[in-house]
Amino acid sequence: MSGGTVVANEQSLQDELNPFLAMAKRFDIASDQLGLDHGVREVLRRPDRELSVAIPILMDDATTRVFTGYRVQHNFSRGPCKGGIRFAPDVSLDEVRALAAWMTWKCSVVGIPFGGAKGGVICDPRELSQGELERITRRYTAGIMDILGPDRDVPAPDMNTNEQTMAWIMDTYSMHVRKTTTAVVTGKPISLGGSRGRAEATGRGVMISTRDAMRKLGLNPAEARVVVQGSGNVGGIAAMLLHREGYRIISISDMYGTVLNEKGLDMPAVMAWLREHRRLEGYPDADHMPNGEQLELPCEILIPAATENQITSRNVDKIKAKLVVEGANGPTTAEASRALDDGGVMVVPDILANAGGVTVSYFEWVQDRMGYFWTEDVVNSRLEQIMATSFEDVYQMSQKRKVSMRIAAYMLAIDRVATVYRLRGVFA
Amino acid sequence: MPSTPVLDEESPFATMMSQFDRAARHLGVNADEYAILRKPDREIRVAVPVRMDDGSLSVFDGYRVQHNQGLGPFIGPLCASPDLKLDELRALAAWTTWKCALMNIPFGGAAGGIVVDTQKLSESELERTVRRYAANMLGTIGPDRDVFTPEVVADMQANQMMAWMMDTVSVHVRYAETATVTGKPMGLGGTIGHEDAVAQGLKVILQLALSRFDICGEKPSIIIQGVGRVGGNLARILYDDGYIVRGISDVHGALFCETGLNIPKVLAWRAEHGSLREYPGDGKGSPNDIIRNEEMLTRPCDILAPCAVPNAITSRNASKINAKLILEGAHGPVSARADTELSERGVYVIPDILANAGSAVADYFEWVQNRQGMSWLEVVFAKRLRRFMTEAFDSVIELQDEHDVSLRMAANMLAVDRVVRADSLRGIYA
Chain A
1 MSGGTVVANE QSLQDELNPF LAMAKRFDIA SDQLGLDHGV REVLRRPDRE LSVAIPILMD
61 DATTRVFTGY RVQHNFSRGP CKGGIRFAPD VSLDEVRALA AWMTWKCSVV GIPFGGAKGG
121 VICDPRELSQ GELERITRRY TAGIMDILGP DRDVPAPDMN TNEQTMAWIM DTYSMHVRKT
181 TTAVVTGKPI SLGGSRGRAE ATGRGVMIST RDAMRKLGLN PAEARVVVQG SGNVGGIAAM
241 LLHREGYRII SISDMYGTVL NEKGLDMPAV MAWLREHRRL EGYPDADHMP NGEQLELPCE
301 ILIPAATENQ ITSRNVDKIK AKLVVEGANG PTTAEASRAL DDGGVMVVPD ILANAGGVTV
361 SYFEWVQDRM GYFWTEDVVN SRLEQIMATS FEDVYQMSQK RKVSMRIAAY MLAIDRVATV
421 YRLRGVFA
Chain B
429 MPSTPVLDEE SPFATMMSQF DRAARHLGVN ADEYAILRKP DREIRVAVPV RMDDGSLSVF
489 DGYRVQHNQG LGPFIGPLCA SPDLKLDELR ALAAWTTWKC ALMNIPFGGA AGGIVVDTQK
549 LSESELERTV RRYAANMLGT IGPDRDVFTP EVVADMQANQ MMAWMMDTVS VHVRYAETAT
609 VTGKPMGLGG TIGHEDAVAQ GLKVILQLAL SRFDICGEKP SIIIQGVGRV GGNLARILYD
669 DGYIVRGISD VHGALFCETG LNIPKVLAWR AEHGSLREYP GDGKGSPNDI IRNEEMLTRP
729 CDILAPCAVP NAITSRNASK INAKLILEGA HGPVSARADT ELSERGVYVI PDILANAGSA
789 VADYFEWVQN RQGMSWLEVV FAKRLRRFMT EAFDSVIELQ DEHDVSLRMA ANMLAVDRVV
849 RADSLRGIYA
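If you're matching them up, the sequences are chains A and B in order. The opening residue of the first sequence carries number 1 in this note's numbering; numbering runs sequentially from there. The opening residue of the second sequence carries number 429 in this note's numbering; numbering runs sequentially from there.
A short, non-exhaustive set of chain A residues, derived as facing chain B with CB atoms under 10 angstroms: (1) Gln164; (2) Met170; (3) Ser174; (4) Met175; (5) His176; (6) Thr182; (7) Lys188.
Not close to chain A: a few residues of chain B, all C-beta gaps over 12 angstroms, as computed: (8) Met445; (9) Pro510; (10) Gln547; (11) Glu551; (12) Gln585; (13) Pro648; (14) Arg657; (15) Thr687; (16) Glu700; (17) Ala736; (18) Val737; (19) Asn750; (20) Glu769.
The hints are simulated quantities; they were obtained by calculation from the structure and are not laboratory data. Don't be surprised by glycine CBs; every beta carbon is placed ideally from N, CA and C.
Looking at chain A on its own, in the form it has when it is part of the complex (with noise of 0.2 angstroms):
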């Protein structure tokens, strides 16, 4: 175990709103809670192995040019890697490496048999053709080959990425090894392996884990008025969800601005608004007002789904919600979150209850590895089943311990890391 190369030296981001330092302040808080001895704690902080590769790439106007790419596999205690690649011009190794961390902390608290990792190809995909960018995908994936594999470091899509992306890399790496092997990465589609409800499963994790935690407070969905930040795959689906499940969305935003309904906004109308023209603006069923207040309307439920920084010191105090659930990653500072503990606000952490992507990606691995494929309502009822039970551990946890959803959510992700690192041991 634990054999790797750091190949860049350490270069850490310092912000204020660096979601991946609250993310380092948040395991700290939580290994101490866990009393985890130093060793164990070195370990997790640091990624396994780091890959840097050089991409050179033959671009339409005959010109060479030479991109970089990274891989970073954060931890593979508890099994093979998995986590996003992303292809953006400011994609740093840093980034990529905190990154990486959040998803063995996500892959660990709702238990699939998975290790953190992330990668990223610093480009930017606004100034390539399509044929440029599958050319740095094949070539970056032949780069970062003999890392990678179903039973290795398992990718999936993320910033810039998509289900095209990932039909090449399964091309690349099925080409390479001379045997069809979709197992490689998820997120593809569904004609290549991929696996049905994928494309809602985030959302529907978030609908999963407010429905719960609303029965632990013991509210009533029919009384709750729900505002959700983002209106996309996350926000949008979880509205319509919450929806479908008698509860009121009052409030849904987009990049542009917010609409308002305190009678209840009528979710399938919105939707199917907002596939026609793309964004809210004009919707004429609500208010519209800017997208600076949205998140302190009155209501019982806030559901942050769109970026991270959003509820900070600056406007923690006016926040009314009584339940936040983190559809986005990070979109609560390690400050506010603090205020929201402290005034007897539950939270439920992004690690927890946007997990239902990797969830899916996770059944999308089994399926291709077994070569059967799940309708969608079976798909639907394992989802449903790990995201009640992983909430059910972590709200146990934080009854037990005595400490925030968040905090709960870390130290179980932590102590089944450390854990299985104990069991299997030093390998030398």
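On the provided structure of chain A, position chain B as indicated by the hints.
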């Protein structure tokens, strides 16, 4: 796995492909994207030297044609015949690609063969032939590379050949590699339900078609050509389900009874005597006419299921067919001309590629169970077979409604569409 209807002795591949070429044109598929499908991905020929029992040496030709791997590993039969032609294997491989795509099972098509007359070989000569063929193909075979299926479903010799293949591959890779062939005997990784999978699949499709086209009442009447693994099993299953089986036939002749044959008795007689000849009747005094096979096809019924030979219904007898629906249990039982004529008369024809795909699905299920290392219960097998047949039928109907074409054209279009999409998603590897 299926064998393709050989429509033209000279160029079976081109002939078989012509109907899919039409489907591709109808779909408006990009010519470049389809071009790759008009040639097999790979063709392998190997020499198969075998020491004969008398000490002499024979060298047979072995082939494997792999058509397209867009949707997954290759799968397809291993044939053995003295008249085997490479172009027939090409046709069979491509046909399998289309069939797997239509059924939504994750394989591309392949077909292989050894040019040898198995009747003239001793058991041990056949074993050495199959093992040497498998050894020569080792770089190509494997659960994620190319899966071999028997030429004939539930045939003793074909199953034995699969067992030898499995053993040869396993010995070479040094672990039990069951998923590399299907159609294995039970107890060696074979699946339950394989033997009557085609008949069970036919039943599912028939039920869906009857309710979709709203053509029969409580007790539908059916005439079945063929009394073997397809026709015989279909008769037994439908009889148990309350259908009136009016006619059934073998190569020697046909039995017909307006009010319905006693199928268990008929099958018991055949099992005992090897043919339907001189079947005495069910002893209840109801008339069992013994008629000619061709005549049976023209008797009145709701459903006619040709489950025996290619070209049973041609332009010669199409006008005399007295059924509302034809269920193609055999491969290519309705000729192209007869197909047109029947559809003009409003007779529904459920195409073979869909109707008799039960054995392809069963091969897939065997592969899945081998990978899982766990065998399914019979009810699980049946439920999942029903799922795959139903999903394929529903998708074909959807496409038929959208494009206003025959069921056969819709099935072919669906297959082409799925393969082309997968190929273009994967792109061209370089």
